[in-house]
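Letter by letter, the chains look like this.
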Amino acid sequence: MSAFFGDSGSDCRTNEGVSPLKVRTTQKRRIIADVAARVGMWGATLMVMIPIFLIFYYIAKKGLPTMDWEFLTQSQPFSMRARGGGFVHGLIGTLIMVGLAALISVPLGVLGAIYLVEYGKGRPLAQVVRFFSDVMTGVPSVFVGLFVYTALVIPYGFGAVMGAAALAIIMLPIVVRSSEEMLKLVPRELKEASYALGAGKWQTITRVVLPTAAPGITTGVMLAVARAAGETAPLILTALGSLEIVTKMVGEPIASLPVLVFTGARNPFPAGQERAWAGALELLLLVLVFTLLARIASSRNKLQQ
Amino acid sequence: MSQEPAFSVRDLHVSYGGQPALKDVGMDIEPCKIIAVIGPSGCGKSTLLRCFNRMNDLIPGAKITGEVLYNGQDIYAKDVDPVTIRRSVGMVFQRPNPFPKSIRDNVAYGARINGYKGNMDELVERSLRGAALWDEVKDNLNKSALSLSGGQQQRLCIARAIAVEPDTILMDEPASALDPVATSKIEDLMQELKEKYTIIIVTHNMQQAARVSDKAAFLYTEVNETGKARWGILVEYDDTDRIFTNPRDKRTEDYISGRFG
Amino acid sequence: MGERRDLVLRGGLQRLMKRGAGRLADPVFAVVTGIAGLAVLIILAYMVVVTTYTAVPVFRSQGWSFIFSTDWSPSEGKFGAFAFIYGTIITSLIALLIAVPLSLGVALFLTEIAPRWIRGPVAYLVDLLAAVPSVVYGLWGVFVLLPGFLQPIATWLSVKLGWIPIFAGPATGLSFFGAGVVLAIMIIPIITSLCREILKAVPVGEKNAAFALGATRWEMIRGAVLPRAKAGIIGAVMLGLGRALGETIAVALLVGSRAQVTASILQPGYSMAAVIANQFQEATGDHVSALVGVGVVLFGITIIVNVAARVLVWRMVES
Numbered sequence: 000m001s002a003f004f005g006d007s008g009s010d011c012r013t014n015e016g017v018s019p020l021k022v023r024t025t026q027k028r029r030i031i032a033d034v035a036a037r038v039g040m041w042g043a044t045l046m047v048m049i050p051i052f053l054i055f056y057y058i059a060k061k062g063l064p065t066m067d068w069e070f071l072t073q074s075q076p077f078s079m080r081a082r083g084g085g086f087v088h089g090l091i092g093t094l095i096m097v098g099l100a101a102l103i104s105v106p107l108g109v110l111g112a113i114y115l116v117e118y119g120k121g122r123p124l125a126q127v128v129r130f131f132s133d134v135m136t137g138v139p140s141v142f143v144g145l146f147v148y149t150a151l152v153i154p155y156g157f158g159a160v161m162g163a164a165a166l167a168i169i170m171l172p173i174v175v176r177s178s179e180e181m182l183k184l185v186p187r188e189l190k191e192a193s194y195a196l197g198a199g200k201w202q203t204i205t206r207v208v209l210p211t212a213a214p215g216i217t218t219g220v221m222l223a224v225a226r227a228a229g230e231t232a233p234l235i236l237t238a239l240g241s242l243e244i245v246t247k248m249v250g251e252p253i254a255s256l257p258v259l260v261f262t263g264a265r266n267p268f269p270a271g272q273e274r275a276w277a278g279a280l281e282l283l284l285l286v287l288v289f290t291l292l293a294r295i296a297s298s299r300n301k302l303q304q
Numbered sequence: 000m001s002q003e004p005a006f007s008v009r010d011l012h013v014s015y016g017g018q019p020a021l022k023d024v025g026m027d028i029e030p031c032k033i034i035a036v037i038g039p040s041g042c043g044k045s046t047l048l049r050c051f052n053r054m055n056d057l058i059p060g061a062k063i064t065g066e067v068l069y070n071g072q073d074i075y076a077k078d079v080d081p082v083t084i085r086r087s088v089g090m091v092f093q094r095p096n097p098f099p100k101s102i103r104d105n106v107a108y109g110a111r112i113n114g115y116k117g118n119m120d121e122l123v124e125r126s127l128r129g130a131a132l133w134d135e136v137k138d139n140l141n142k143s144a145l146s147l148s149g150g151q152q153q154r155l156c157i158a159r160a161i162a163v164e165p166d167t168i169l170m171d172e173p174a175s176a177l178d179p180v181a182t183s184k185i186e187d188l189m190q191e192l193k194e195k196y197t198i199i200i201v202t203h204n205m206q207q208a209a210r211v212s213d214k215a216a217f218l219y220t221e222v223n224e225t226g227k228a229r230w231g232i233l234v235e236y237d238d239t240d241r242i243f244t245n246p247r248d249k250r251t252e253d254y255i256s257g258r259f260g
Numbered sequence: 000m001g002e003r004r005d006l007v008l009r010g011g012l013q014r015l016m017k018r019g020a021g022r023l024a025d026p027v028f029a030v031v032t033g034i035a036g037l038a039v040l041i042i043l044a045y046m047v048v049v050t051t052y053t054a055v056p057v058f059r060s061q062g063w064s065f066i067f068s069t070d071w072s073p074s075e076g077k078f079g080a081f082a083f084i085y086g087t088i089i090t091s092l093i094a095l096l097i098a099v100p101l102s103l104g105v106a107l108f109l110t111e112i113a114p115r116w117i118r119g120p121v122a123y124l125v126d127l128l129a130a131v132p133s134v135v136y137g138l139w140g141v142f143v144l145l146p147g148f149l150q151p152i153a154t155w156l157s158v159k160l161g162w163i164p165i166f167a168g169p170a171t172g173l174s175f176f177g178a179g180v181v182l183a184i185m186i187i188p189i190i191t192s193l194c195r196e197i198l199k200a201v202p203v204g205e206k207n208a209a210f211a212l213g214a215t216r217w218e219m220i221r222g223a224v225l226p227r228a229k230a231g232i233i234g235a236v237m238l239g240l241g242r243a244l245g246e247t248i249a250v251a252l253l254v255g256s257r258a259q260v261t262a263s264i265l266q267p268g269y270s271m272a273a274v275i276a277n278q279f280q281e282a283t284g285d286h287v288s289a290l291v292g293v294g295v296v297l298f299g300i301t302i303i304v305n306v307a308a309r310v311l312v313w314r315m316v317e318s
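Sequences listed follow chains A, B and C, in order.
All residue numbers for the first sequence refer to numbering that gives the first Met the number 0, where the first residue is 0 and numbers rise by one.
All residue numbers for the second sequence refer to numbering that gives the first Met the number 0, where the first residue is 0 and numbers rise by one.
All residue numbers for the third sequence refer to numbering that gives the first Met the number 0, where the first residue is 0 and numbers rise by one.
None of these hints come from the bench; they were simulated from the model.
Please note that a few of the clues may not be correct.
What the hints assert, rightly or not - Ranges between beta-carbon positions, derived for each pair:
no.: 1; chain 1: A; residue 1: 56; chain 2: C; residue 2: 199; range: 29 to 39 Å
no.: 2; chain 1: B; residue 1: 60; chain 2: A; residue 2: 183; range: 13 to 23 Å
no.: 3; chain 1: C; residue 1: 299; chain 2: B; residue 2: 223; range: 51 to 61 Å
no.: 4; chain 1: A; residue 1: 26; chain 2: B; residue 2: 223; range: 34 to 44 Å
no.: 5; chain 1: A; residue 1: 122; chain 2: C; residue 2: 48; range: 21 to 31 Å
no.: 6; chain 1: B; residue 1: 224; chain 2: C; residue 2: 119; range: 56 to 66 Å
no.: 7; chain 1: A; residue 1: 69; chain 2: B; residue 2: 137; range: 35 to 45 Å
Using N, Cα and C, we set each Cβ at its ideal position, and we do this for glycine too.
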């Protein structure tokens, strides 16, 4: 570090030998560098703000005209070319699959987090689980789709359960790691108070630790749900799509909002593209609702304040 | 005075991860008395207290040898479940630690986990009265315990402890986080509780120990030659009057008179 | 109450010996949570085994040409995935080139120089970018960003700088460049938020020491913050890279879906994830195995990048 600041020439002993003019020019260069860096940081931030506004502006602008009551309550017409209809079958499919995925991944993930915090502390196995949970969050979602395709779709066919399985695998590591962070924040004093009253470990966890961490866990779950609701690639490989509302869970392809937006974006007809825009708006709102719920839960989280 | 002791401690040694924390403690504790455990910080007062309800078991790497007889039975015997001891030996902690639940649920917690089937409202009222808190909270039983003041929270923690009807209450510096008014309320309460419960209190406050306790145990830190390992020993255990007016041991006298610590 | 009191009060010592059903609950619960913890490892391992097993026939029949050949003709049973691997790497590199300086700029802005009132809203907006589903990025990229913004830039580049091979025209719109730009927008929030956490972890004492030596803010950042945060920032960048490598839908919509290897980033290409999403529905037999094989290669690359990134970030956060 000293080498870096060495050129400042502000050391009082050497200062006397240096002409005041030279001192001023090095000072000037330093100040110019500082100003340039600040401008760069402000500039970078402004640059990043641009696409944010562009995305939200255009999704609203192009989505709103098509997003009417019919769009929200009707299924797609058989032909992409035809106007009218909507994506209600996709919305229902998304809600079914995300709901099922949450039913699988939330209990599993929270229990896994309890293991990491309460039982596995300091053990190598817990360290390994923690590390691979992190790694698993980085697995491409399309690969998860391929896995569920080979493991479940080939023997049982496309369906809501297969899509949900893929989404659950994507959610699981997020739930594990976020729940773990929250469980870690539960004060030791509360657990000790419970143990001192003669509670067992199981009772302490279910009656004190989990309720105390619940708002924080909810935040993590909501963020995982938001992520899953927007996933497209794994559903192309596991749920495929449909033109109507599907209620059968296994063996029948089922539509979802993201896949409908994807197929709409790739089709050449204006009517189909318009529906895709409205679908994108609907999907974005759905995802934002879940992120908003996450924010609300986290504002109720006393552990983080 | 010839009463059978509630606790007898024999040759008690405690270590954490191989480091000794407490060595060779032996003492008898008579029922329905207040016993103060005093000594300089880091001398193992809390460690000793946590031996009476096996709370040390929760700390990874803790090792306890020797005997702690509770009504004549060794609570460290192999076939004893530590959970059951904690139902008979309650504990109040340094900082008030109510659960983030309602006042009622806090008091009822111990009874619920122990499968209590009786009248819960009655139990809650009795416990809160026992902790001298009932009049202050009786209209707000469903309010969050966290909305109470520090002193009220600590009395709530006492109510929570006595709701499971223990016969001993361990108190780990129960008033150290409280203001003087709240402290004197807790001290008055202790005098009432002593009618029914044996109380063992850790305190760093000499005046408090002298005011409230019947007997006092003085712990002191010993350091080995290298100066790296340190552990607590029991120097003196006697009637409080005697400890504070005429201690046998020089170290006790030095500590009481404020020469170190 | 009386009966219970008898049990609890002194004398009821049998109670110390056993707790009935409650005694069983603790170990059972411990085992259940342990299994749940293991689930992550089991699923991850099972994913690798099942997919690799499915892809083995194609790996066998194609040999090394699966990775090094560009000839991908399912009808003739030829599966050379090099064009997809190339496209994945090129688009991700373009994304990093754009996203890293911007993300670092935003992260430094938020941690070091931003006025207090602006930090919350800016951080919130950047996080909002992370919440947008990739299919929405893709749709927006194809119909708004590409015609309105990227096409003019690409045309200009090909006209003015076309003599440099990487900018050789004609600029087609759907291209490595377009996919890379949208990927950059997608990974900016990830890299930014990780960098922010890492920058926040730099001890205040070291910063103040630099100020005390008379450093300007930028000198303090270069001298005290960046050297400290270097490993963590590289980790954050690699996590962003991992995300870019595996991103499917936005790339599938923007990259142009042509299996070719060209030096010019303004030409259409393909990527591993995109070919899986595009061809899976009409694939049968060996074609399916080949696509699964592409997935396995993609998985391998992202896992290496992710593990390396995690190790770097973990070291930084632990120390």
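Quick rundown of the hints versus the structure:
As the Cβ distance of residue 56 (chain A) to residue 199 (chain C) is approximately 31 Å, the hint placing it in 29 to 39 Å holds. Checked against the given bound of 13 to 23 Å, the beta carbons of residue 60 (chain B) and residue 183 (chain A), roughly 19 Å apart, stay inside it. Checked against the hint of 51 to 61 Å, the pair residue 299 (chain C) and residue 223 (chain B) passes, with Cβ atoms roughly 55 Å apart. Take residue 26 (chain A) and residue 223 (chain B): their Cβ atoms lie about 59 Å apart, and the range 34 to 44 Å is violated.
Between residue 122 (chain A) and residue 48 (chain C) the Cβ separation comes to about 25 Å, which falls inside the hinted range of 21 to 31 Å. In this structure, residue 224 (chain B) and residue 119 (chain C) meet the distance hint of 56 to 66 Å, their C-beta atoms being roughly 57 Å apart. Checked against the hint of 35 to 45 Å, the pair residue 69 (chain A) and residue 137 (chain B) fails, with Cβ atoms roughly 59 Å apart.
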